[in-house]
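A.B. asks: With the hints as constraints, model all of the structure from the sequences given.
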Amino acid sequence: MKLNVGFVGFDGTESKRAIPAIHQVKEMERIDGEMNVLLRRPHARAKSMLDKFTRMCDVRAFLTDEKDRAAWESSGARIEGGYSDFFEGSDAIIIGTPEGQELPYVEEGISHDCSMVLMGGAKRSDIQTGLAEKNIAIPDKIREDLEREFFFGLENYDRFLSASPRLVQCTSCNTTSLCRAVLAARPLGLKAVLGNLDRRSGDPQNVVKMSANSIEFGSGVGHQGKDAATVFKDVRFSVRASKVPITMPHVHHLNFVFDGNPEPGMLLEQLARTRRVVVIPYGDDGRKHEWTGEILEAFSSCFERPVNSEIFELLFSDAIIAFEIGDLTIMQAVMLVEQMSVPVPNYAEAYLMLCGFSAEKVHSSVDRALGVVHGVWPDRLDRT
Numbered sequence: 001m002k003l004n005v006g007f008v009g010f011d012g013t014e015s016k017r018a019i020p021a022i023h024q025v026k027e028m029e030r031i032d033g034e035m036n037v038l039l040r041r042p043h044a045r046a047k048s049m050l051d052k053f054t055r056m057c058d059v060r061a062f063l064t065d066e067k068d069r070a071a072w073e074s075s076g077a078r079i080e081g082g083y084s085d086f087f088e089g090s091d092a093i094i095i096g097t098p099e100g101q102e103l104p105y106v107e108e109g110i111s112h113d114c115s116m117v118l119m120g121g122a123k124r125s126d127i128q129t130g131l132a133e134k135n136i137a138i139p140d141k142i143r144e145d146l147e148r149e150f151f152f153g154l155e156n157y158d159r160f161l162s163a164s165p166r167l168v169q170c171t172s173c174n175t176t177s178l179c180r181a182v183l184a185a186r187p188l189g190l191k192a193v194l195g196n197l198d199r200r201s202g203d204p205q206n207v208v209k210m211s212a213n214s215i216e217f218g219s220g221v222g223h224q225g226k227d228a229a230t231v232f233k234d235v236r237f238s239v240r241a242s243k244v245p246i247t248m249p250h251v252h253h254l255n256f257v258f259d260g261n262p263e264p265g266m267l268l269e270q271l272a273r274t275r276r277v278v279v280i281p282y283g284d285d286g287r288k289h290e291w292t293g294e295i296l297e298a299f300s301s302c303f304e305r306p307v308n309s310e311i312f313e314l315l316f317s318d319a320i321i322a323f324e325i326g327d328l329t330i331m332q333a334v335m336l337v338e339q340m341s342v343p344v345p346n347y348a349e350a351y352l353m354l355c356g357f358s359a360e361k362v363h364s365s366v367d368r369a370l371g372v373v374h375g376v377w378p379d380r381l382d383r384t
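Just so you know, the working numbering puts 205 at position 205 of the sequence shown, and the rest follows in order with no gaps.
Keep in mind that the hints were calculated from the coordinates and are not lab data. Treat the hints with care, since some could be wrong.
FRET-style restraints, in silico, Cβ to Cβ [unchecked claim]:
{"no.": "1", "residue 1": "Ser-238", "residue 2": "Asp-158", "range": "26 to 32 Å"}
{"no.": "2", "residue 1": "Glu-99", "residue 2": "Ile-215", "range": "18 to 24 Å"}
{"no.": "3", "residue 1": "Asn-261", "residue 2": "Gly-100", "range": "44 to 50 Å"}
{"no.": "4", "residue 1": "Lys-67", "residue 2": "Thr-13", "range": "24 to 30 Å"}
{"no.": "5", "residue 1": "Pro-264", "residue 2": "Glu-27", "range": "39 to 45 Å"}
Here the structure is a predicted model, which is why all the values come from computation and not from measurement. Every residue, glycine too, gets a C-beta built ideally from N, C-alpha and C.
C.D. replies: What follows is the structure, given as structure tokens:
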């Protein structure tokens, strides 16, 4: 199998995790093909990331604008070609730009007959409108793909593989986490998920400027529940997304509504068996795991990963509060979502789907390649 894959926005929040992850999966499965990156503005961090990815993944660099060649080459970059060359040399492109910047790359992808992967923040309706306003002919297959559900490989890999899409949108970090939790909870009679997502709204350099009085609560339901509902059509979602002045992680305060009377222990058992979910005991040998930074530090220092200690799991506290009302049971739960890494296995599975891999071993292959675990922290973790 050979697939040349190109990355737009290679130094962005999610792409800079997706590139080494896809490289690791590519190496494990012995998939041939180049890994290309499209260079945009030659700022210092982008130069540093290019140097890193050249060493780690042997990426090939292409220029967006010829006027930037000298600036890139002065930092040691080897330029393989220009803007059109990037798309001509890529069978598939992964578009990891900030929200709202995807349109020109989708346009070029259509023009060069590339398969395309969009990340969670893209608005496909806006892309479709933008293409129409520019009088770009949208192939029937792409038009169909723009209306398709979100890609969450643990649930719908087979459906996407059968559909052979040319354009795929992966779930965002928060939507991926919702989907993982629902995947675990649904066999217990899950009917709905209600609650609030505390989205991180601070960067480490701004921590001294933060205030508990600067929480920006959402005025309505966020896109995360709506996106998850395209994957799990039998579950109802009403999830508010608020901006909270924390640096990491996102924290979800959720109510899982079940038919009947399942117990918290049953949900925890389901979660521990679900890929890419780790249950965190609130109390462990007399020590309480009660604040986010300590939980992340304790978890990430528990074991080594192939490249670094990035977190790919959904961390779910076992401090569940159950409440019965009539024939329903509501479980109040808290889970931690590491913004930059949680959706990365999904990107790797989208890559394998475009390569035509069957679903039989895809999930285990990705988890082995990335060092992803599930189970109960710290000594009941499963790497298979």
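A.B. asks: Please write out, lowest number first, the hints stated earlier that are contradicted by the structure.
C.D. replies: none
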